[in-house]
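Peer 1: Chains R and B, in that order, give the protein sequences.
For the first sequence, our numbering gives the first residue as 1, with consecutive numbering after it.
For the second sequence, our numbering gives the first residue as 1, with consecutive numbering after it.
Honestly, I wouldn't trust all of these hints.
Stated by the list, open to error - Here are the computed lysine-lysine pairs in the DSS-like style, where the Cα-Cα straight-line distance is at most 30 Å:
1. R/56 - B/3
2. B/3 - R/77
3. B/82 - B/70
Stated by the list, open to error - Okay, the calculated beta carbon distance ranges per label pair:
4. R/1 - B/40: 30 to 40 Å
5. R/97 - B/71: 14 to 24 Å
6. R/98 - B/27: 42 to 52 Å
7. B/106 - R/113: 34 to 44 Å
8. R/68 - B/54: 25 to 35 Å
9. B/63 - R/98: 33 to 43 Å
Unchecked claim - Derived coverage of chain R by chain B (criterion: at least 3 residues anywhere in the stretch with Cβ under 8 Å from a Cβ of chain B; other residues may be distant):
10. 40 to 52
11. 94 to 107
In short, the hints are calculated from the structure, not lab data.
Note that beta-carbon positions come from the ideal geometry of N, C-alpha and C, so glycine has one too.
The lines below spell out each chain.
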Amino acid sequence: GDSVTQTEGQVALSEEDFLTIHCNYSASGYPALFWYVQYPGEGPQFLFRASRDKEKGSSRGFEATYDKGTTSFHLRKASVQESDSAVYYCALGITGNTGKLIFGLGTTLQVQP
Amino acid sequence: DMKVTQMPRYLIKRMGENVLLECGQDMSHETMYWYRQDPGLGLQLIYISYDVDSNSEGDIPKGYRVSRKKREHFSLILDSAKTNQTSVYFCASSPGRNYAEQFFGPGTRLTVL
Numbered sequence: 001g002d003s004v005t006q007t008e009g010q011v012a013l014s015e016e017d018f019l020t021i022h023c024n025y026s027a028s029g030y031p032a033l034f035w036y037v038q039y040p041g042e043g044p045q046f047l048f049r050a051s052r053d054k055e056k057g058s059s060r061g062f063e064a065t066y067d068k069g070t071t072s073f074h075l076r077k078a079s080v081q082e083s084d085s086a087v088y089y090c091a092l093g094i095t096g097n098t099g100k101l102i103f104g105l106g107t108t109l110q111v112q113p
Numbered sequence: 001d002m003k004v005t006q007m008p009r010y011l012i013k014r015m016g017e018n019v020l021l022e023c024g025q026d027m028s029h030e031t032m033y034w035y036r037q038d039p040g041l042g043l044q045l046i047y048i049s050y051d052v053d054s055n056s057e058g059d060i061p062k063g064y065r066v067s068r069k070k071r072e073h074f075s076l077i078l079d080s081a082k083t084n085q086t087s088v089y090f091c092a093s094s095p096g097r098n099y100a101e102q103f104f105g106p107g108t109r110l111t112v113l
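One chain only, chain R, in its complex shape:
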């Protein structure tokens, strides 16, 4: 069945470090891929999506490129800030027009000043 795997459960960085959070998926066809961010005490917020091979999504300095060859959608940011501390979720839109998303387990990012 369709699935999403986020390799890192937790990531600890210092301000201005480069961020990579790995996301790999398993699905048939061309699923849409998403990144969401959740700050403490809030619901998840949509960051961006991509829906075809080699498409890049980006928002707030974060970016990810849909790679069908490696079935990946890794999140990257060149220089993180303390305010980026949050939980990041990769998600896969199931094909078939169901409106359902499969979320990864999330990656907690902690950025030290």
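Since the structure of chain R is provided, determine the placement of chain B on it from the hints.
Peer 2: Same frame as chain R, but now just chain B:
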């Protein structure tokens, strides 16, 4: 102002009591969702609603039911709550299906004693 609201934000109930969680959105979105979020399990889909009186089970519907009588309101009902239903519940809405972003509410923290 595009918003998803949830009431109440915090709720404590005893095992066997009935629970009603309410969700509203002001964006006229057709599709609405109920998720629960537990440590280590991420976001799990309970129910999805495609419009008024058009509801579909998600991945973990057992022990829950839903009601959607107006497009802007979506309720989650727990008949005779159980301790393992202690969780944070999120409602979300979306203007479409597969490629559309989901807008999440702030969550309801439910404790069943």
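Peer 1: Now tell me if each hint is right for this structure.
Peer 2: Taking the hints in turn, this is what the structure says about them:
About 27 Å separates the Cα atoms of residue 56 of chain R and residue 3 of chain B, which keeps this hinted pair within 30 Å; it holds. Restraint check for residue 3 of chain B and residue 77 of chain R: satisfied, since their Cα atoms lie roughly 28 Å apart, inside the 30 Å limit. A distance of roughly 28 Å separates the Cα atoms of residue 82 of chain B and residue 70 of chain B; the hinted pair therefore holds under the 30 Å criterion. In this structure, residue 1 of chain R and residue 40 of chain B break the distance hint of 30 to 40 Å, their C-beta atoms being roughly 20 Å apart.
A hinted range of 14 to 24 Å holds for the C-beta pair residue 97 of chain R and residue 71 of chain B, which are about 19 Å apart. Checking the proposed 42 to 52 Å range against residue 98 of chain R and residue 27 of chain B shows it is violated: the Cβ atoms sit about 20 Å from each other. At about 27 Å, the beta-carbon gap between residue 106 of chain B and residue 113 of chain R misses the expected band of 34 to 44 Å. Our hint of 25 to 35 Å for residue 68 of chain R and residue 54 of chain B holds, since their Cβ atoms are close to 33 Å apart.
Checking the proposed 33 to 43 Å range against residue 63 of chain B and residue 98 of chain R shows it is violated: the Cβ atoms sit about 22 Å from each other. Under the rule that three or more residues need a Cβ within less than 8 Å of chain B, the assignment of the segment 40 to 52 of chain R holds, with 8 such residues. Counting residues of the segment 94 to 107 of chain R whose beta carbon lies closer than 8 Å to any beta carbon of chain B gives 12, which reaches the threshold of three, so the coverage claim holds.
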